[in-house]
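Undergrad: Protein chains in written order, with the working numbering: chain A, 1 to 268; chain B, 269 to 536; chain C, 537 to 804.
Incorrect hints may have been included.
With a cut-off of at most 20 Å between alpha-carbon atoms, the simulated EDC-like pairs for lysine to aspartate or glutamate come out as follows [to be verified]:
1. C:Lys685 x B:Glu271
2. B:Lys385 x C:Asp645
3. C:Lys776 x C:Asp630
4. C:Lys704 x B:Glu372
5. C:Lys685 x B:Glu285
6. A:Lys168 x C:Glu591
7. A:Lys149 x C:Glu594
8. A:Lys149 x C:Asp692
9. B:Lys458 x A:Asp109
10. B:Lys417 x A:Asp85
11. A:Lys149 x C:Glu651
12. C:Lys704 x B:Asp377
No lab work stands behind these hints: they were computed from the structure.
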Amino acid sequence: MLELRLVQGSLLKKVLEAIKDLVNDANFDCSSSGFSLQAMDSSHVALVALLLRSEGFEHYRCDRNMSMGMNLGNMSKMLKCAGNDDIITIKGDDGSDTVTFMFESPTQDKIADFEMKLMDIDSEHLGIPEAEYHAIVTMPSAEFSRICKDLSSIGDTVVISVTKEGVKFSTRGDIGTANIVLRQNTTVDKPEDATVIEMNEPVSLTFALRYMNSFTKATPLSNTVKISLSSELPVVVEYKIAEMGYVRYYLAPKIEEDEDENETKPQV
Amino acid sequence: MLELRLVQGSLLKKVLEAIKDLVNDANFDCSSSGFSLQAMDSSHVALVALLLRSEGFEHYRCDRNMSMGMNLGNMSKMLKCAGNDDIITIKGDDGSDTVTFMFESPTQDKIADFEMKLMDIDSEHLGIPEAEYHAIVTMPSAEFSRICKDLSSIGDTVVISVTKEGVKFSTRGDIGTANIVLRQNTTVDKPEDATVIEMNEPVSLTFALRYMNSFTKATPLSNTVKISLSSELPVVVEYKIAEMGYVRYYLAPKIEEDEDENETKPQV
Amino acid sequence: MLELRLVQGSLLKKVLEAIKDLVNDANFDCSSSGFSLQAMDSSHVALVALLLRSEGFEHYRCDRNMSMGMNLGNMSKMLKCAGNDDIITIKGDDGSDTVTFMFESPTQDKIADFEMKLMDIDSEHLGIPEAEYHAIVTMPSAEFSRICKDLSSIGDTVVISVTKEGVKFSTRGDIGTANIVLRQNTTVDKPEDATVIEMNEPVSLTFALRYMNSFTKATPLSNTVKISLSSELPVVVEYKIAEMGYVRYYLAPKIEEDEDENETKPQV
């Protein structure tokens with residue numbers, strides 16, 4: 001038996017919006033420690049990992065580990081029916097092929113039960129080892145979202161280059177080139193406006209903007225985003241979920257091809 | 269000769285938005301008592317009835333009864349050109365094949381005349397007898413609109429069930445089922461937030477959500493909606509127009525088919 | 537070498553939005569006196585003229601006259617990446633085939649460089665002589681935009697008629713006719729709300745609404761619009777750019793055909 005009561009139900013609505021464009025079907029894993037998900041995107045390029053720790057729920061009962069396969073599009077349809085101030089409870093019975101989402105309005109005058117069919121989904125859980133990163137950039141999540149969106153109007157990929165002074169986002173396309181530089185800045189009025197760079201060695205890596213723009217769907221979950229870069233590892237784009245956990249996205253860098261070679265290739 | 273001057277012109281704009289999706293062409297009937305309309309929707313399933321009493325107009329002159337056939341899409345195009353604070357005057361001459369809508373800005377610095385061609389429309393006026401209903405639910409119109417919209421993302425029909433404790437809206441579809449319960453609640457700060465149930469006997473009726481969602485286009489006209497239910501009668505969904513009249517929608521319930529029978533039918 | 541620094545960068549963003557739908561490619565002309573553009577729309581019916589005087593820039597350096605051919609759609613894509621509070625600098629080198637737009641955030645923590653390829657565009661500069669107009673109407677730009685949009689839902693052309701008392705905008709279409717009259721009104725609280733008519737002789741001219749609606753894309757640039765009319769000349773629709781210059785649109789009136797003749801033509 002499973003019963004997870006989340007007073008700030010809007011968090012779960014935002015979590016679904018953050019992952020449903022990237023992943024169609026996925027297993028949610030419930031254990032005594034929390035409610036989590038790990039899934040590859042449908043093209044098997046990016047990985048998304050979600051954790052909502054049990055302490056973040058008002059009531060958390062999970063008698064035995066359960067894995068519930070859900071269609072995230074359908075789940076999102078149901079969660080959209082919850083009001084932003086509603087309390088959401090997730091209920092499941094051992095061996096049942098359905099899950100129930102209960103939405104309670106703050107005044108308790110409106111109570112909704114949505115029952116969704118579960119799916120059997122094959123999935124293997126990847127171990128993601130803790131790693132050392134060459135550079136970690138923490139910045140306002142809205143700024144990161146804006147930059148990815150802006151660069152997408154010029155090119156398809158972004159080069160993220162980190163030095164002690166700042167972080168540079170670059171792209172190029174048919175109509176020209178673009179470089180956006182953010183300076184390290186910790187003397188801000190609100191801590192969430194800071195751009196903080198922790199760097200062991202400079203790093204410059206290329207990523208597909210398409211995926212970055214999918215990741216920024218998590219922007220409503222957190223005022224800041226943490227981008228961890230290393231030349232041998234996938235980038236980690238992390239949005240913290242206040243006092244509960246996180247959504248993390250992993251994406252392997254593109255091997256930067258020699259530009260001249262690229263241009264001559266079609267002639268061969 | 270007809271001259272109807274409505275200081276709160278935005279009311280007429282909202283009335284058109286409330287009915288134009290349901291009805292393409294209709295006769296507006298003017299008499300000394302008021303400006304009214306009664307029309308079936310284009311698929312002849314739902315009926316809409318509008319009344320704007322003469323007392324609600326600042327100036328109301330209607331020398332003899334007139335029936336003016338209008339295309340509601342074209343009328344809506346014209347009324348959209350009126351500002352929300354404009355005074356609207358409807359003018360018609362006996363025997364003329366046009367109607368004029370005059371829009372005056374509050375400062376009288378802008379005056380617009382829109383002249384629209386009338387149409388000949390066959391229509392018979394149905395007498396709608398006053399009836400006794402098993403149950404009458406009065407609730408916030410925005411809440412009713414939200415519930416119909418939410419359930420539409422799951423299924424095609426809604427079962428409305430009324431008991432003394434509350435009203436339940438249910439649906440089912442391919443992805444699952446949904447039940448939304450509103451409790452009777454009269455102890456609210458604002459009277460328009462109340463959910464009030466007057467019941468003679470419990471009732472449970474099924475309706476097509478498509479029509480319900482058309483009816484909720486009238487939500488801007490009133491903070492509350494009154495739903496009158498009886499097992500032998502069409503439901504009445506009524507939006508009062510402050511001190512002037514109402515828009516009422518009538519819709520016959522669907523005959524609930526036996527579910528098992530439904531499922532076996534294709535095998536026959 | 538060219539370096540034009542505009543503190544109120546949002547002005548340049550608005551200028552592009554005001555002209556990019558009308559003109560695809562155009563030469564921007566830079567001289568010591570200012571930054572300007574003159575171009576026909578793609579169907580060669582309307583003319584747009586832009587002037588941003590050098591005094592309006594915080595820093596203005598233009599060593600020799602330059603003409604830079606730009607695709608306005610691409611330029612708009614780049615300028616959309618500037619924040620509304622950003623300072624924009626336009627940079628060009630003699631003989632270079634690119635132009636650079638630099639965007640600096642108010643706090644200087646974010647600096648972006650967008651480099652765009654220039655184009656070779658044939659264009660001849662028309663001399664537009666100063667002229668005397670029969671009537672000049674100055675009115676709120678939002679009101680003019682609203683009127684053009686409203687009339688477009690009824691007809692394709694607008695007749696603008698000016699008398700001492702006011703200005704009338706008329707149209708007719710399949711569903712009916714519309715007349716909107718604005719009275720001269722100079723006793724307003726805010727000067728930009730005034731409708732002022734300077735008239736030497738009455739004038740009544742017909743224009744294609746499609747172009748008028750394109751011109752009103754400049755509405756965000758100015759609270760007022762000045763419409764100069766003369767029966768022998770194209771209308772001038774002018775939006776002043778505060779303390780810097782203007783965007784002006786020129787459009788020849790349509791020859792009004794005799795209405796009866798029009799209606800009989802198909803029978804011949």
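Undergrad: Could you work out which earlier hints the structure fails to respect and list their numbers in ascending sequence?
TA: 1, 2, 3, 6, 7, 8
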